[in-house]
Amino acid sequence: MVKWSLLGATTLALGATTLALAATAAQAADSKPIVIGIPIGLSGANSVVAPSVVQSAELAVEEINAKGGVLGRKLALEVADDASGAAGAQKAFDSLIYQKKVDVLISMETSAARNAGLPAVTKGKVPYIYTSFYEGHSCNKNMFVDAWVPEQQVPPVVDAFKAKGAKTYFLIGSDYAFGRGMLGFTKSYVEKTGGKVLGEEYLPMDGSDWTAIISKLKEAKPDALITSTAGGAPNVTLTKQLRGAGVALPFANLALDEGTAKSMGADADGVYLSASYVTGIDSPENKTFLAAMQKKFGAELRTPNDLSVPEYEAIYLYKAAVEKAGGTETAKVLEALPTVSVTGPRGTIRMNKQHHAPLTMYLGQIQKDGTVKVAGTFKDVDPGEQCPKLQ
Amino acid sequence: MLETLPAAGRIAPPPRRRLAVAAPCVVAGLAAMALWIAPAVLDTFAVNVLTRSMIYAVLAVTVDLLWGFAGILTFGQAAFFGVGAYATAMILTALGATPAGFAAALATAIAAPALLGLVVGWLSFYHRSTPLYASVISLVVPIVVVQLIYAGGESTGSSSGLVGFDVLPLEIAGYFRLAALVLVLVTLVAWILVRSDAGRALVALRDNEARCAYLGLNPRRLQILLTAALAAVAGLAGFLFANASGVVAPENAGFLFGTELVIWVALGGRGTLLGPVLGTIAIDYLAANLSGDLPFLWQLLLGTAFVIIIILLPGGLADLVGRLWRVLPIGRRTRAAPHLVARVAAPEAAGTGVPILKVENLAKAYGALTVLEGIDLEIRAGELVSLVGPNGAGKTTLMRCLSDGTEPFTGAVAIGGTAITGLTPNRIVGLGVGRKFQVASVFESLSVADCLRLARAPHDGLSPVGQAETLGLPQAALDVLRMTGLDHLLTPPTRLLSHGQKQALELAMVVALEPRLILLDEPTAGLTKAERTTIGTVLKALTTGRGIAAVLVEHDLDFVREISSRIVVLHQGRLVLDGTVEAVVGSELVRTIYSGGAHG
Amino acid sequence: MLLTLDILTTAAILFIVSIGLLAIFGVLKIINFAHGAWLTVGAYCAVVTAKLGLNPWAALPLAFVVGAALGGLAEHFIIRPLYRRPLDAILATWGLGIVVGQLVTLAFGRDVQMTPNLFAGTIAILGVEYSAYRLVALGIALAIGLLFALTIERTRLGLSARAVIMNETLARSLGIDTGRVRLVVFMIGAGLAALAGVLLTPLTSVDPNMGVSWLIGAFMLVMVADASYLALAAACLVFGAAQVLISTFVSPILGSIAIAVLAALVLRISPKGFSRA
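Line order of the protein sequences matches chains G, R and D. For what it's worth, my numbering labels the leading residue of the first sequence as 1, then goes sequentially. For what it's worth, my numbering labels the leading residue of the second sequence as 1, then goes sequentially. For what it's worth, my numbering labels the leading residue of the third sequence as 1, then goes sequentially.
Calculated from the structure, these hints are not laboratory results. Take the hints with a grain of salt, since some may be wrong.
Claimed, not checked - Residues of chain D placed beyond 12 Å of chain R at every Cβ, according to the derived structure: (1) 98; (2) 103; (3) 144; (4) 168.
Said to hold, decoys possible - Here are the simulated distance ranges between beta carbons: (5) G:369 / R:308: 41 to 49 Å; (6) D:127 / R:107: 38 to 46 Å; (7) D:106 / R:365: 55 to 63 Å.
Said to hold, decoys possible - Listed next, the in silico DSS-like pairs over lysine-lysine satisfying Cα-Cα at most 27 Å (straight line): (8) G:162 / G:123; (9) G:368 / D:51; (10) G:196 / G:167; (11) D:51 / G:262.
Yeah, the Cβ is synthetic: ideal placement off N, Cα and C, and Gly gets one too.
If we strip away everything but chain G, and leave its shape as in the complex, we get (with noise of 0.2 Å):
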């Protein structure tokens, strides 16, 4: 039932290397299963996405296994709460390395939990995919990112507006790494294409009331608003209230999901986003994975989205890896990392010497029954100089 191929160009002129180093380690390679740790929030903030990531990682596994596994091993997976935090994080990469042992770290946190593992990952010398977007510039040797960073995914939107004529912006976000991240990008943004910040304002995570900030954008009267809060409760406590006062600018929001669309109802309405994923992307792969998704999970379904698809492609990327290194040592898999690609719903995905990924970025507006439009498409837009020093 898999009709999902692996094209990618290196794999397969190394394929007669990868045939002849199975052979020997085929001979070291009992029937062990290679296992893949995924430390994520079940609980906690990320607990919404969660689920989603972990299907789309099991789809992967399964569709792998039914062709035989990697090296001929069959793939297992590790999942382990990180309670979306810091805390939380050491213990789960300390249960998966030293525990369980697993031979990859597959999966997509929150920074500070990203942040919290990475000393256990450098100790525990595993390799890791980091599959979330995220503010940019974390720099590991054993990590690899297959999602987007703020020079991948704010471009678009700007662009857009640009060319429907704004000329001003106005941008609230969150009061984090990622928020201010996203901003802080977009603002140089904004001015190296010659448009204008009026106002960037800033509410703590948990705060729950914008009426302050609200107020100061309706006075500045920008041509554009773009915001970028802290994912879920935040983002629809921001949007509601900024519907509650009556603004109807053109409004980006760059931490917005299709799924937190649908919970904002009505309110989400026109709203623009920018992802590397949406359901909406009309390619054979993508309809392929998500019928296999809905045949495996029916009802249980958790709609896939720019979270989980990058887990889906990024279990892929390490098979290549795996296959092309001829074994699952860190080294070497940490080695083949960059020269493999997969094409996957995404499109093609191959990660760089500076261990992250161009993507295709789609821009997507929000309609009235809440699924996404897909309104640009740009191609294999670079992440930019992320970690100049990892060459």
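Chains R and D: place on chain G using the hints.
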């Protein structure tokens, strides 16, 4: 000149006492050794997780000292921990793994939280602050600290925290041993402290803050210093944490972590030190093992267990274990009673002509209700003045105004020539005033000996490491004890005493202060005839023999007649009579007031 | 103008959120740390109302009843045994808050819930387009305040409650069933908190943790108000104004901790807070 009372001559052999101090050290040594070997036996995961658990357990010890012993329910230890951890991470990021870097990090990680602790202490504790207020402040502190961390941008890493800074060059097992060592040491010091005489002062603060103040101890200063000192310990734990985990995050300083600490301490058993330590390690280790299996259920179970423990088993699991333990027929030692020793009081300065108490035109009102009005009174050394009058005449209010300068009153009150307006009770005690309350005010969970020792604290100090073997008291206090038989009851907690015994104990405590002026609010209420006679004798001895002045509120006119040198009659907030016993008792006015007043 | 409206409506929302807490604090002398959980329960009543297809305003009576009923159970099983241990009562209510939050999560999931808007759109008032719902909230706050005042000043329950607030021992000796007063007041307080939860739904996300962000501000306001609803109204105005002004002219980040910090300082300087004024 020291006279040992044969009645109290319970011989407590010194060697056993030394053992009492030595035993915890031996236990701690064994624990440290066991933990030193442990990394060789445990797997890496357990070593890693337990390292953090032990650091958290250090925090649990500080929470237990504050909450379990001193009665200050705090959610703020997380903030001090976070400040220590962030100070470490920020300094190490800037200076790198140099000896100077580590020294600066360690010093700042201890000093910064201590300073913050002083500020928080100042905010939380003041004369008449409530425990609830202190708790709410302790909730605000971590919130503000976390907000500052978020707003710190690059320097604090905002929500992502700091990672990748240089840390102490130790292996995983090395950190485990370091954390174990610190935990054992902190617990040992705490253990010795709470079992020392000074440690009793913490419990005294929890039991009865007012009595502490009226013994001349400054509750505010004690609470502030305790907060700052334990903030420093929390900062040290933060230093360890930053090094051991290599990462710091805002949630390390958050109030949710603060509440978690309280939950661990409550489950383990507050006020037991070992309970919170073991509880914290057990719960945190369990949580690490169960993460992923039942994320939501885990919180639910923990929350439910917490509510149930708080309601049904306030002593926590340690209490449960303790109860089972006591069922076993294993010999238990009770605290040995100290030797009572008479202490010669410093000779009273010869009368300088200044009255000990001088009240001029004192008035006090609650809203529109005038309670006291135009009171003028002078009392000199050696006088025993009885204050009589029907209920509601303002007697107790007058006593309060004489002993608490922060009571809003008008007019002037001077003790030995010093005006007391605005002075807190402990400062007034320092001027030589001792006050006995109407309802016996003692420390319910302390022993009689401990109560008396606290009363002597302003004179003799309190040992922070051990229990003094002797208890020196002025002869008058010894007399009170001997005459009421309390000298045979030095070890049981005072809550087991009878009403009369508590009254006598409080009197002994006040007398032990060696005051110049003693204020007694119905010291004989609820006492037997014999006990009254005893107290009368003591008071007479104090005033005529030692030149102390006394003000006595009393309803029993016979008693008053027997012992007073002067009687003052208060009626409807005014001082209506002031004269010799014969003059007052024989007056028409007193008979009228008392026949209308309906009590004796 | 916008500023004045912001201040007034912010104060109104603060008042709505903290009045239930005040009732409980006044009579029972404990800070109900489960207050946030009751806000959440109330908001989920709005979710249920929407799922049943009822008029969104029907959530108000439903939430009050559900909140009061749960409050009655909590008072009986958790608060009452801790009558003489007020600090423990705080902890127990905190634990209760955790339990309620987890139960809501188990029942509804962690996701943000969609709720119908109670009152959408804007109204032109005094030359500015202003959020209609915030103005409605201002009216509701006044109505709640008025009802509360009438209950306190004009009913038998109010009289008993005032007696208990002033001197519980004396009240008992006068034949007031203080246990009953405590129960009823706790139920009313919990009901009002749940009501506030419904009224928050147009302004905030509805999820299992939604109550927490409102907690600290409400605590501080109630501490400052010290059992007086008039003082609470004054505190909401003063601190609400401080929050809006600091957010507008200095920084919203400082603004969001303004209430907690200023209230702490006010209490430090004048321990009786606003109640003396």
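Hint by hint, here is what the structure shows:
Listed as outside the interface, residue 98 of chain D is inconsistent with that label: its C-beta sits roughly 3 Å from the nearest C-beta of chain R, within the 12 Å cut-off. Annotated as non-interface, residue 103 of chain D brings its C-beta within 12 Å of a C-beta of chain R; the closest such distance is 7 Å. The Cβ of residue 144 of chain D lies farther than 12 Å from every Cβ of chain R, with a closest approach of about 24 Å, so its non-interface assignment holds. Every CB of chain R lies more than 12 Å from the CB of residue 168 of chain D, the least distance being 16 Å, so the non-interface label holds.
Evaluation of the 41 to 49 Å hint for residue 369 of chain G and residue 308 of chain R yields a pass: the beta carbon distance comes to about 47 Å. The given range of 38 to 46 Å is broken by residue 127 of chain D and residue 107 of chain R, whose C-beta atoms sit roughly 59 Å from each other. Residue 106 of chain D and residue 365 of chain R have their C-beta atoms about 58 Å apart, which keeps the hinted 55 to 63 Å range intact. Restraint check for residue 162 of chain G and residue 123 of chain G: the C-alpha separation of about 47 Å exceeds 27 Å, so the hint is violated.
Restraint check for residue 368 of chain G and residue 51 of chain D: the C-alpha separation of about 20 Å stays at or below 27 Å, so the hint holds. Between residue 196 of chain G and residue 167 of chain G, the direct Cα distance comes to roughly 6 Å. Compliance with the 27 Å bound is thereby established for this hinted pair. Note on residue 51 of chain D and residue 262 of chain G: the hinted pairing holds, with a Cα-Cα distance of about 15 Å set against a maximum of 27 Å.
In the structure shown, a violation is registered for the earlier hints numbered 1, 2, 6, 8, in ascending order.
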